[in-house]
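Undergrad: Here is how the chains run, residue by residue.
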Amino acid sequence: MFIKIDLQSEIPIYTQLQNRIIEGIVSGDLKAGEPLPSVRTMASDLGVNMHTVNKAYNFLKQDGFIQIHRQKGVVINPDGMPEVTSEYLGKFKQEIRPIIAEALCRGMKEEDFSTFCQEVFNNLQEKRG
Amino acid sequence: MNSIIAMGVMYSSFLMVGMVLAFMPYLTRKTESFGVTIPEDIYHSDGLKNMRKKYSVQALIILILLSIGSAVLSYKAITPERASLIFGIGLTLLIACLFGLYLKYHFTMKRLKEDNQWEAEKPQAVVIDTSFRNHKLAYSNLWFLLPALIMLGTLAITVIYFDQIPPRIALQYDLSGEVTRWADKSYGALMWIPVQQLFMIVLFVLINSIISRAKQQINAANPEKSLIQNQIFRLRWSAYIVVTAISMVILFGSIQMSFIFNVHPKVTLLISGLLTGMLIIYAIILSVSTGQGGSRVKVSEGKATEEIDRDDDKYWKLGQFYFNPNDPTIFIEKRFGIGWTINFASVKGWLILAGIIAIVIASQFIYKI
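These protein sequences, in sequence, are chains D and W. Under my numbering, think of the first position of the first sequence as 1, with each following residue one higher. Under my numbering, think of the first position of the second sequence as 130, with each following residue one higher.
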């Protein structure tokens with residue numbers, strides 16, 4: 001799968017990397033058990049510090065999207081994806097709050113908000129096939 | 130007569146090296162111009178076309194003057210050693226002059242870029258393929274078993290026919306085929322060539338491994354196309370390395386055979402001339418048909434995007450030396466050249482470079498006879 005990192009974006013590189021990998025899993029571009037480049041290789045190919053890639057991989061590992069083995073290296077979790085846990089719900093609500101707050105500040109209507117959410121949700125689910 | 134043939138071989142390689150350097154602006158990636166990052170469409174602008182043309186014409190003039198000058202001096206030289214010394218000086222001078230010419234264009238290009246702000250509106254991105262290294266990027270190192278077998282064969286024949294070998298063996302010939310260095314027959318002296326062969330094989334295995342490991346460099350403006358081009362580029366040069374390893378080991382093997390069997394030095398000279406000539410021509414054909422990073426390989430168009438490659442000019446000192454402490458990359462494509470260079474900020478890079486130089490020097494001196 002191609003991973004594109006926008007270098008002028010305000011979003012930190014490790015977050016972009018994390019987002020792209022999760023999106024790749026959703027769309028099926030990255031299959032369960034599929035290997036990812038090692039930290040060193042990924043950092044070298046992207047031309048970024050190894051800490052950056054390490055950070056992204058560690059978050060993904062903590063959440064259960066990938067596994068990091070000593071021998072096999074980095075793979076997409078072959079035992080399936082993490083589920084919606086109460087812990088995740090807490091994080092989810094916390095993360096979506098400022099997004100809704102900004103939309104409200106700008107005067108976005110509830111139905112518009114729902115429509116946009118629905119659009120993105122459907123778009124990603126379609127890719128999943 | 131022989132020395133004229135030898136000089137012909139030397140100076141035709143001189144010309145070929147010079148020609149590749151003179152036409153280098155046409156062989157680089159199209160996202161670079163004289164060591165400066167540019168958007169690809171700018172590469173095709175009239176201004177840059179003129180610059181490339183001017184550079185090539187000037188480089189060719191330098192090449193012609195220097196090759197005529199040093200060929201005449203070599204020809205008039207009193208001894209063959211003096212002739213090859215003049216050749217060496219001429220070649221060094223050629224590379225130095227063309228680097229100077231490059232620098233002039235590099236700085237002009239830098240100023241041009243500053244004035245024009247080509248990259249201002251275009252988003253810079255870096256694109257990688259997560260499965261890049263699952264593709265076949267180089268031929269297996271097992272191919273080097275072939276030259277290794279030839280080396281063992283050389284060794285075996287030497288041992289079997291040891292009694293037939295004359296008591297004095299010719300170690301070095303000058304360009305006219307006269308022996309300039311003799312050695313008394315001994316196992317030690319006869320091990321020199323197999324040791325050379327071994328060093329060469331190690332070196333080529335190292336280079337082949339570098340080819341598959343070097344940094345992935347996909348053009349963000351057209352990732353799909355660039356990915357295939359890059360793969361082809363690596364595979365073709367890996368094949369070249371395998372062929373070179375086999376040829377060089379055969380060449381050295383044939384020299385060893387000339388110690389054992391009564392081969393005329395002219396035959397050995399002919400074999401070495403033909404093999405090296407073939408390797409040089411092969412390298413030129415590859416450079417022209419493939420281009421740096423595979424930029425000249427014709428593949429289907431792929432999808433063009435809005436993004437352009439990251440501008441990392443500040444890490445390219447003089448446009449040619451990569452120094453980026455934040456990048457763990459060791460090997461990266463050359464900017465103004467064909468092949469790879471090291472990240473000079475990487476300690477490992479320096480160590481590997483030192484290792485390669487050590488192998489080359491050791492192969493010459495470890496075995497003094």
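Do not take every clue at face value.
[Unchecked claim] Subject to a maximum C-alpha distance of 20 Å in a straight line, what follows is the list of computed DMTMM-like cross-link-like pairs (lysine to aspartate or glutamate): (1) LYS239(W) to ASP442(W); (2) LYS4(D) to ASP440(W); (3) LYS4(D) to GLU210(W); (4) LYS239(W) to GLU353(W).
Since the hints were derived computationally from the structure, they do not count as laboratory data.
Undergrad: Confirm or reject each hint.
TA: Hint check:
Between the alpha carbons of LYS239(W) and ASP442(W) the distance comes to roughly 9 Å, so the proposed pair stays at or under 20 Å and holds. Taking the CA atoms of LYS4(D) and ASP440(W), the gap is near 15 Å; set against the 20 Å cutoff, the hint holds. Between the alpha carbons of LYS4(D) and GLU210(W) the distance comes to roughly 57 Å, so the proposed pair goes past 20 Å and is violated. For the proposed pair LYS239(W) and GLU353(W), the alpha carbon gap of about 29 Å is over 20 Å, so the pair is violated.
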